[in-house]
Amino acid sequence: MEIILVAVFLVSTILGYILINNVPSLLHTPLMSGMNALSGITIVGALIATAIVSKGTNGIVSSLFGGLAIIVASINVFGGFGVTDRMLKMFKKKEKRVESHD
Amino acid sequence: MIEFFQNDLAYYIVSGVLALLVMFGIFLMSKVEKARLGNGISAFSMLLAIIITLLRHEILSVYALYIFLAIGAVIGLFIAIKVKMIETPQLIAMLNGLGGLASTIVGGFALLKIGANGDVFSQMTAIIALLIGSITFIGSLVAALKLARKMTQKPINLPHHSLILGCLLVLIFVLIILTAFDLIAPIFVLMIAVILSGLFGFIFTIKIGGADMPITISLLNSLSGVAGAITGLAIGDILLVSIGGIVGASGLLLTQIMCRAMNRKLFDILLGKTSSKGSQEQKIEVEEKVQTNVVITDPVAVIKQAKNVIIVPGYGMAIAQAQYQVKELADLLKEQGASVKFAIHPVAGRMPGHMNVLLAEVDVDYDDLFEMDAINPEFENADVTIVVGANDVLNPAARNQPDTPLYGMPILNVDESKEVFIFNFDLKPGYSGVNNPLYQKSNVHLFLGNAKDTLRGFLESLKG
Chain A
1 MEIILVAVFL
11 VSTILGYILI
21 NNVPSLLHTP
31 LMSGMNALSG
41 ITIVGALIAT
51 AIVSKGTNGI
61 VSSLFGGLAI
71 IVASINVFGG
81 FGVTDRMLKM
91 FKKKEKRVES
101 HD
Chain B
1 MIEFFQNDLA
11 YYIVSGVLAL
21 LVMFGIFLMS
31 KVEKARLGNG
41 ISAFSMLLAI
51 IITLLRHEIL
61 SVYALYIFLA
71 IGAVIGLFIA
81 IKVKMIETPQ
91 LIAMLNGLGG
101 LASTIVGGFA
111 LLKIGANGDV
121 FSQMTAIIAL
131 LIGSITFIGS
141 LVAALKLARK
151 MTQKPINLPH
161 HSLILGCLLV
171 LIFVLIILTA
181 FDLIAPIFVL
191 MIAVILSGLF
201 GFIFTIKIGG
211 ADMPITISLL
221 NSLSGVAGAI
231 TGLAIGDILL
241 VSIGGIVGAS
251 GLLLTQIMCR
261 AMNRKLFDIL
271 LGKTSSKGSQ
281 EQKIEVEEKV
291 QTNVVITDPV
301 AVIKQAKNVI
311 IVPGYGMAIA
321 QAQYQVKELA
331 DLLKEQGASV
341 KFAIHPVAGR
351 MPGHMNVLLA
361 EVDVDYDDLF
371 EMDAINPEFE
381 NADVTIVVGA
391 NDVLNPAARN
401 QPDTPLYGMP
411 ILNVDESKEV
421 FIFNFDLKPG
431 YSGVNNPLYQ
441 KSNVHLFLGN
451 AKDTLRGFLE
461 SLKG
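Chains A and B supply the protein sequences, listed in that same order.
In terms of the working numbering, the first sequence is numbered consecutively and its last residue is 102.
In terms of the working numbering, the second sequence is numbered consecutively and its last residue is 464.
Among the hints, a few may not be true.
[Stated by the list, open to error] Straight-line distance between alpha carbons at most 30 Å, and here's what the computed DSS-like set of lysine-lysine pairs gives:
{"#": "1", "chain 1": "A", "residue 1": "92", "chain 2": "B", "residue 2": "463"}
{"#": "2", "chain 1": "B", "residue 1": "307", "chain 2": "A", "residue 2": "93"}
{"#": "3", "chain 1": "A", "residue 1": "93", "chain 2": "B", "residue 2": "428"}
{"#": "4", "chain 1": "B", "residue 1": "463", "chain 2": "A", "residue 2": "93"}
{"#": "5", "chain 1": "B", "residue 1": "304", "chain 2": "A", "residue 2": "92"}
{"#": "6", "chain 1": "A", "residue 1": "89", "chain 2": "B", "residue 2": "334"}
{"#": "7", "chain 1": "B", "residue 1": "84", "chain 2": "A", "residue 2": "89"}
{"#": "8", "chain 1": "B", "residue 1": "418", "chain 2": "B", "residue 2": "341"}
{"#": "9", "chain 1": "B", "residue 1": "34", "chain 2": "A", "residue 2": "93"}
{"#": "10", "chain 1": "B", "residue 1": "452", "chain 2": "A", "residue 2": "89"}
{"#": "11", "chain 1": "A", "residue 1": "55", "chain 2": "B", "residue 2": "463"}
{"#": "12", "chain 1": "B", "residue 1": "304", "chain 2": "B", "residue 2": "341"}
{"#": "13", "chain 1": "A", "residue 1": "92", "chain 2": "B", "residue 2": "34"}
{"#": "14", "chain 1": "B", "residue 1": "31", "chain 2": "B", "residue 2": "304"}
{"#": "15", "chain 1": "B", "residue 1": "428", "chain 2": "B", "residue 2": "418"}
{"#": "16", "chain 1": "A", "residue 1": "92", "chain 2": "B", "residue 2": "84"}
If you're looking for bench data, these hints aren't it; they were derived computationally from the structure.
With the sequences and hints as input, model every part of the structure.
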């Protein structure tokens, strides 16, 4: 099991590296911001752990920490994807070169 | 349905598909026209990941989860909609920190054997996830404060700075070993780890100066991915591992690109060697010389004749919020028939691609934005190069003064153009502390002050 996980980590790292090498520097900010949103994938772990503590007898403190983890991770995810989308919307190619004549 | 996802093999396959979907999203981000779709696909994969997790662990009915999710979603979307584009560097840093915080907490749970099986592998990875997560969290917060200019842009040096960092690293390493042999109660490990890594993140980032931010922010971005991936190792979740790995790699790659563009070694920055050992003593002499060659030709007349114009924006444009005036100037020049191109240095600004976002915000066609290597051969044919708030990225000292920290950094060949107009705040050296010999040349016209005001004045005299 551990070996599979470590292998997956290595393979994704290498694939990610290759893919991202193709992104032009024009888009580096949205790329970074999108990657940042993706790093919120920890939300999956936060959901699992919080569900366990809220079902079990770990007390209110653990549940609060779990809740906090979900909240901050989802701020990261929603905020990250949202702001990336807003940024990418701005990258436009103008059809008409000079519009300010009229 | 639930049984399906509880089958490990099925879950691996589904995770693999999701990871591929994310990679496809990233692949689309290499083309401007498709980038938005790519981002959407990544977001959609994340949504699927959340749903699958709820199904697989049979926690669909734990309603508290939805409340927490909803709170986070509302805050996140609110921030995404409300934030001003000028604030994106600090926003990205802050969001990044939150991801780190989440990894810290999940790592902490795993360390307490909640959601993890508690064997040596999972304990080890849990403590590492917690450590990296909280370094990312605190480091990103400090970076965000610096980017928001709520904290000094200058590097803060404690006495024995590197030594302190070294000691903290050793302590952290010892803690990991102790955890591996299960020598301390997990709850104490947890507390000590949070304190040590928080301190490390803080002390590490306060030392980094403003202009090294593009590197720092990419590095922290990478760390948040790595923290996520290692959290995945700790709780045995393959999806977390693979997506965390992708993010980690992307951040690392961006970090490398930034380092190359600044001619800095990542290791030097990690050790806190800053480039700002500047040569302050020369400053006064330069300013005196500058006074002697003010405006020999009339800049307005020069620009009205110009056929080829290149605009070089820098961080100064961002602080002065002068991108609107820059765009106005570009439009005006185009109307008089000149070709206008923007030259973007890879580390101009405070994050990778910072200038591109600001110019896109004011509707500059991205076909007019050129990377350094593409535009550099064109400076010698440029009639006028207009510099707005940039200094180090065009300082010829990088080419011919081996004794300066800038030496060897790839720069924009602004000095090759026939006339240069510089709209900078003052003549002080840039972040590198190296004086810019360009200021003394006779074909250089200086417009000093807030770029927004100086550009406005220039635009008026151009129109009138």
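These are the hints, each one checked on the structure:
{"no.": "1", "hint": "A/92 <-> B/463", "verdict": "28 Å, holds"}
{"no.": "2", "hint": "B/307 <-> A/93", "verdict": "23 Å, holds"}
{"no.": "3", "hint": "A/93 <-> B/428", "verdict": "37 Å, violated"}
{"no.": "4", "hint": "B/463 <-> A/93", "verdict": "27 Å, holds"}
{"no.": "5", "hint": "B/304 <-> A/92", "verdict": "28 Å, holds"}
{"no.": "6", "hint": "A/89 <-> B/334", "verdict": "24 Å, holds"}
{"no.": "7", "hint": "B/84 <-> A/89", "verdict": "14 Å, holds"}
{"no.": "8", "hint": "B/418 <-> B/341", "verdict": "15 Å, holds"}
{"no.": "9", "hint": "B/34 <-> A/93", "verdict": "13 Å, holds"}
{"no.": "10", "hint": "B/452 <-> A/89", "verdict": "25 Å, holds"}
{"no.": "11", "hint": "A/55 <-> B/463", "verdict": "71 Å, violated"}
{"no.": "12", "hint": "B/304 <-> B/341", "verdict": "16 Å, holds"}
{"no.": "13", "hint": "A/92 <-> B/34", "verdict": "11 Å, holds"}
{"no.": "14", "hint": "B/31 <-> B/304", "verdict": "36 Å, violated"}
{"no.": "15", "hint": "B/428 <-> B/418", "verdict": "24 Å, holds"}
{"no.": "16", "hint": "A/92 <-> B/84", "verdict": "19 Å, holds"}
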